[in-house]
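> Listed below, chain by chain, are the residues.
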Amino acid sequence: MNNISFLTGSELPFCKGCGHATITQNTEKALQKMGIDLLDVILVTDIGCHGIVDKSFLTHTVHGLHGRSVALGGGIAAAISNPTKKVIVFVGDGGATIGMQHLIGAAHLGFDMTVVVHNNMLYGMTGGQPSEFTPCGFKTPTLPEGSNKAGYDLCELITAAGASHVQRVVGIGDYSDVLVNAFTAKGFSLVEVMEICPSYGVKSNPGMKLSKLVEDSGLIIKTFVSEKDKVYSKPVNPNPKSLISDKFEVTTKHTHNLSKPVSIMLSGSAGEGIQSAAEFLSKAAMIAGLNTTKKGSYPVTVGVGFSASEIIISPEQILYTGSPIPDVLVITSVDGLNYARAAAGKMKGGILLIDETLEAPTTGAQVIKVPFRERVGARNSAMYSIFWYLNHSNIFAMDALKDVFMGNKISEKVQIETMLKF
Amino acid sequence: MHATTESKSKAFIDGSRLITESCVRAGADVFIGYPITPANLLYLYASKRFPTMLAAPDEITTLQWMAGFATAGHVPVTATSFPGYALMVESINMAYMQELPMVIILVQRLGPATGTATCGAQGDLSVVYGTISGGFALPTLCISSIDDCWDLSAKAVETAIKLRTPVVLLTSKEMVMTLLSYDWSKLSEIKPAKVKTFDGKAPYLPYAYNDSLVPEFLSVTQKEHQVRITASTHDTKGILQNTSPEAIENTKRLQKKHEKHISDYTFFELDEQKDADTLIISYDITAQASREAVKQLRLQGKKVSFLAAKTLFPIPHEYIEIASRYSKVVIAEENLTGQLRLALFGMAGRKGVTGVNGIAKMISPIEIIEEVLRNE
Ligand SMILES: Cc1ncc(C[n+]2csc(CCOP(=O)(O)OP(=O)(O)O)c2C)c(N)n1
Ligand code: SF4
Numbered sequence: 518m519n520n521i522s523f524l525t526g527s528e529l530p531f532c533k534g535c536g537h538a539t540i541t542q543n544t545e546k547a548l549q550k551m552g553i554d555l556l557d558v559i560l561v562t563d564i565g566c567h568g569i570v571d572k573s574f575l576t577h578t579v580h581g582l583h584g585r586s587v588a589l590g591g592g593i594a595a596a597i598s599n600p601t602k603k604v605i606v607f608v609g610d611g612g613a614t615i616g617m618q619h620l621i622g623a624a625h626l627g628f629d630m631t632v633v634v635h636n637n638m639l640y641g642m643t644g645g646q647p648s649e650f651t652p653c654g655f656k657t658p659t660l661p662e663g664s665n666k667a668g669y670d671l672c673e674l675i676t677a678a679g680a681s682h683v684q685r686v687v688g689i690g691d692y693s694d695v696l697v698n699a700f701t702a703k704g705f706s707l708v709e710v711m712e713i714c715p716s717y718g719v720k721s722n723p724g725m726k727l728s729k730l731v732e733d734s735g736l737i738i739k740t741f742v743s744e745k746d747k748v749y750s751k752p753v754n755p756n757p758k759s760l761i762s763d764k765f766e767v768t769t770k771h772t773h774n775l776s777k778p779v780s781i782m783l784s785g786s787a788g789e790g791i792q793s794a795a796e797f798l799s800k801a802a803m804i805a806g807l808n809t810t811k812k813g814s815y816p817v818t819v820g821v822g823f824s825a826s827e828i829i830i831s832p833e834q835i836l837y838t839g840s841p842i843p844d845v846l847v848i849t850s851v852d853g854l855n856y857a858r859a860a861a862g863k864m865k866g867g868i869l870l871i872d873e874t875l876e877a878p879t880t881g882a883q884v885i886k887v888p889f890r891e892r893v894g895a896r897n898s899a900m901y902s903i904f905w906y907l908n909h910s911n912i913f914a915m916d917a918l919k920d921v922f923m924g925n926k927i928s929e930k931v932q933i934e935t936m937l938k939f
Numbered sequence: 140m141h142a143t144t145e146s147k148s149k150a151f152i153d154g155s156r157l158i159t160e161s162c163v164r165a166g167a168d169v170f171i172g173y174p175i176t177p178a179n180l181l182y183l184y185a186s187k188r189f190p191t192m193l194a195a196p197d198e199i200t201t202l203q204w205m206a207g208f209a210t211a212g213h214v215p216v217t218a219t220s221f222p223g224y225a226l227m228v229e230s231i232n233m234a235y236m237q238e239l240p241m242v243i244i245l246v247q248r249l250g251p252a253t254g255t256a257t258c259g260a261q262g263d264l265s266v267v268y269g270t271i272s273g274g275f276a277l278p279t280l281c282i283s284s285i286d287d288c289w290d291l292s293a294k295a296v297e298t299a300i301k302l303r304t305p306v307v308l309l310t311s312k313e314m315v316m317t318l319l320s321y322d323w324s325k326l327s328e329i330k331p332a333k334v335k336t337f338d339g340k341a342p343y344l345p346y347a348y349n350d351s352l353v354p355e356f357l358s359v360t361q362k363e364h365q366v367r368i369t370a371s372t373h374d375t376k377g378i379l380q381n382t383s384p385e386a387i388e389n390t391k392r393l394q395k396k397h398e399k400h401i402s403d404y405t406f407f408e409l410d411e412q413k414d415a416d417t418l419i420i421s422y423d424i425t426a427q428a429s430r431e432a433v434k435q436l437r438l439q440g441k442k443v444s445f446l447a448a449k450t451l452f453p454i455p456h457e458y459i460e461i462a463s464r465y466s467k468v469v470i471a472e473e474n475l476t477g478q479l480r481l482a483l484f485g486m487a488g489r490k491g492v493t494g495v496n497g498i499a500k501m502i503s504p505i506e507i508i509e510e511v512l513r514n515e
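Going line by line, the protein sequences match chains A and B.
Using the working numbering, read the first sequence as starting at 518 and increasing by one per residue.
Using the working numbering, read the second sequence as starting at 140 and increasing by one per residue.
Everything labelled a hint here was simulated from the structure, so no lab data went into it.
None of these values were measured; they are calculated from a predicted model.
Cβ coordinates follow ideal geometry from the N, Cα and C atoms, glycine included.
Some clues are possibly wrong.
[As the list claims (entries may be wrong)] With a straight-line cut-off of 16 Å between C-alpha atoms, the simulated EDC-like cross-links for lysine to aspartate or glutamate are:
(1) B:325 with A:763
(2) B:147 with A:833
(3) B:434 with A:833
(4) B:362 with A:694
(5) B:147 with A:766
(6) A:777 with B:416
(7) B:325 with A:557
(8) A:751 with B:168
(9) B:147 with A:763
(10) B:301 with B:350
(11) A:764 with B:322
(12) B:362 with A:554
(13) B:442 with B:416
(14) A:758 with B:322
[Unchecked claim] Away from chain B, derived, C-beta distances all over 10 Å, residues of chain A:
(15) 534
(16) 546
(17) 575
(18) 662
(19) 722
(20) 738
(21) 740
(22) 758
(23) 934
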């Protein structure tokens, strides 16, 4: 218990009789009962009538967007990960429902924070429109005939999501102990305070009693869960290693015969090693002292359909990494043929290596049919195709490609000799 | 056989690797991500490299968590593409108003909507330009080469920290995903930037400012002074106001702050050739095609100059001055209607200003050369 003022003492920014005021007062009382220091409290408020109360608090205050306060507060709680601090979020029923994912997510992760839902069963700030928590029969200025459907039970939902402590209370009188229980719970806690908005709720439903309304809507006043203590703690990477490492370096060892850039397109099927074959060719070119770039093209679902790669190999620095018309096109499957047909059509020279089972597309390139698939099977056809191409073109030393192959674990499964039969 | 030019080592890497490492070295310490192609390599590297990495359940949460971390004194980074950026827009406005440092790496891909996730594009410039309601400038840097992946990423983090603002680091699929041979032995040293914190004794006013127009920061984790952070129109105390003169002055300051410091974060590459009458302007991936076009044009004897715009917003006045020296200006960008052209010259355009545009494939040097030589 302490008697620190958590409030500025100036008039609260609510209409007369607004239930939001009782939450403010009960919050101060609860914090005093806890004996917590003023600046160990971080109050995050949503957009809505309840949200502008931040100016009345002497704690740290953070005010963001409509419906996002729970995520914002969650970020703060995750960042702090310190049980001596208290992150409290004030949100309305409007804010809770537009940002429901944030409540479920925070409960699920166990962010160390308390969410106080100011459930006045309508949108106060914008003029009394119904929310998803407006009970059946409840009237609002924009729904004078009354809501024809019930709200849903937020407390049940958040309990199911994994909160440590969840309680519903009718927001009348002193309920500071309910708040103390929530504020002192470990992990994620939520209190749903049922209240009425005098300006819109009471005016539209004259004579209605809050407790009766809550009871009639089937919302039970109780503690849904308590004393679970799932607490999120900020993940810290114990040993983040630099991404700059000589592991990624390739040292020149062999020679090449290129005097100008060559662009090569490999086109085949997903799962048949197109991307790794392209990487092997690029790395081998580097071992031979050349510059290289390697781009990949594939559908979003990488496991099916075509897979293609464009490689540029050049004795000079490569400025432009695209290759609209390849000098060399290698096609190892039907998927590859369909994808590369347009590129083949644009070629006015160069060579097109195509699996011998496929019909060559229209092209100005010299067509060479090679039994890629028959020699090594579908899985290794792309890898074999680059060995075949290098042997045929002799653009750089075959030893470079052998080095890359032998340095990779593929060499444990596939004999290099199978790659060297032409 | 050509003898090996030099027996040197080069790295075989992609741009995402350099961007991630650079951000961390520059002082970013949290990565919050939601997966999306073509930003997934950044997500992957960040999970290994950042001191803290959180997987968010969506992009609104991503930005909100980032703001939460920034409120507690961290410098967060995320990487996304247009669909995610669209969800983030309101929250970016929030962080802009709250003055929280963070970097949003926007990796462009082919739209509209989900479009083609695995195809590059430069279609989001206008969206980024219009991100902040009211026409305020959101500092935006754009990577135009593999070297920029290193240099500019660090500058994005530094700018976010120094100006207490979200910064967009714009790039695109081929820039961050293409593997290439790269000599990284000359990478410049990056020193971490530090958030300027309040160390006075006087009462702390969270949005009070001096000549720098950047308020001094205090984290909500300290207990000396009360901190008020808010995204609503506010006075220097951080208290919501309707349209009081003090509060509106504070709101206007957000634009002035970015203008005042623009020389600290104006980056461009200018390759001028004497007596050239044509200027090629480009950015992002098409800057690479433009450099190749310039090289080939000069080999053909055509005089041509080149400007790679790396700071996109606020638009540095230098761009307008440089462009005014040329009777012919060709702006090359991978979108349909010329978004940089619109940003620089407006709907009215300017005589002699044309574009090389296209979607769904990289613009080639040949297309740029043809436009430069058209009517000659
Ligand atoms: C994204 C967005 N949509 C709509 C609004 C307009 N708006 C402001 S407050 C509010 C509803 C407030 O209702 P509630 O959260 O229940 O709080 P109350 O005013 O009742 O305290 C709405 C819809 C907004 N600010 N932001
Ligand atoms: S409109 Fe309703 S919710 Fe808003 S302050 Fe007035 S009484 Fe409270």
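> The structure should be examined with respect to each hint, and the outcome stated for every one.
Okay, the hints, checked on the actual structure:
Restraint check for residue 325 (chain B) and residue 763 (chain A): satisfied, since their Cα atoms lie roughly 14 Å apart, inside the 16 Å limit. Taken as a hint, the residue 147 (chain B) and residue 833 (chain A) pair is honoured in the structure, with Cα atoms around 15 Å apart against an allowance of 16 Å. Of the pairs offered as hints, the one joining residue 434 (chain B) and residue 833 (chain A) holds, with about 13 Å between alpha carbons and a cut-off of 16 Å not exceeded. Proposed proximity of residue 362 (chain B) and residue 694 (chain A) is contradicted: the alpha carbons are some 26 Å apart, above 16 Å.
A hinted pair counts as satisfied when its Cα atoms are at most 16 Å apart, and residue 147 (chain B) with residue 766 (chain A) qualifies at roughly 10 Å. In summary, the hint linking residue 777 (chain A) to residue 416 (chain B) is not supported, as the alpha carbons are separated by about 30 Å, beyond the 16 Å threshold. Of the pairs offered as hints, the one joining residue 325 (chain B) and residue 557 (chain A) is violated, with about 47 Å between alpha carbons and a cut-off of 16 Å exceeded. Distance check on the hinted pair: residue 751 (chain A) and residue 168 (chain B) sit about 12 Å apart at the alpha-carbon level, within 16 Å; holds.
Restraint check for residue 147 (chain B) and residue 763 (chain A): the C-alpha separation of about 12 Å stays at or below 16 Å, so the hint holds. Restraint check: the Cα-Cα separation between residue 301 (chain B) and residue 350 (chain B) comes to about 14 Å, which is no more than 16 Å; the hinted pair holds. Taking the CA atoms of residue 764 (chain A) and residue 322 (chain B), the gap is about 14 Å. The hint holds against a cut of 16 Å. With a C-alpha separation of about 9 Å, the suggested pairing of residue 362 (chain B) with residue 554 (chain A) holds against the 16 Å cut-off.
Between residue 442 (chain B) and residue 416 (chain B), the direct Cα distance comes to roughly 7 Å. Compliance with the 16 Å bound is thereby established for this hinted pair. For the hint pairing residue 758 (chain A) with residue 322 (chain B), the CA-to-CA distance comes to about 20 Å; that exceeds 16 Å, so the pair is violated. No beta-carbon of chain B is positioned within 10 Å of the beta-carbon of residue 534 (chain A); the least distance is around 23 Å. For residue 546 (chain A), the non-interface assignment is confirmed: its Cβ lies about 20 Å from the closest Cβ of chain B, beyond the 10 Å cut-off.
Non-interface status of residue 575 (chain A) relative to chain B is broken: a Cβ of that chain comes within 10 Å, the nearest being about 6 Å off. No beta-carbon of chain B comes within 10 Å of the beta-carbon of residue 662 (chain A); the shortest separation is about 33 Å. With a minimum CB-CB distance of about 30 Å to chain B, residue 722 (chain A) clears the 10 Å threshold, and the non-interface call stands. Non-interface call for residue 738 (chain A) relative to chain B: holds, since the shortest CB-CB distance, roughly 31 Å, exceeds 10 Å.
Distance check on residue 740 (chain A): its Cβ is at least 27 Å (rounded) from any Cβ of chain B, clearing the 10 Å threshold; non-interface status holds. With a minimum CB-CB distance of about 7 Å to chain B, residue 758 (chain A) fails to clear the 10 Å threshold, and the non-interface call is violated. For residue 934 (chain A), the requirement that its beta carbon stay farther than 10 Å from each beta carbon of chain B is met, with the minimum near 24 Å.
The structure does not agree with the numbered hints 4, 6, 7, 14, 17 and 22 stated previously, though it agrees with the rest.
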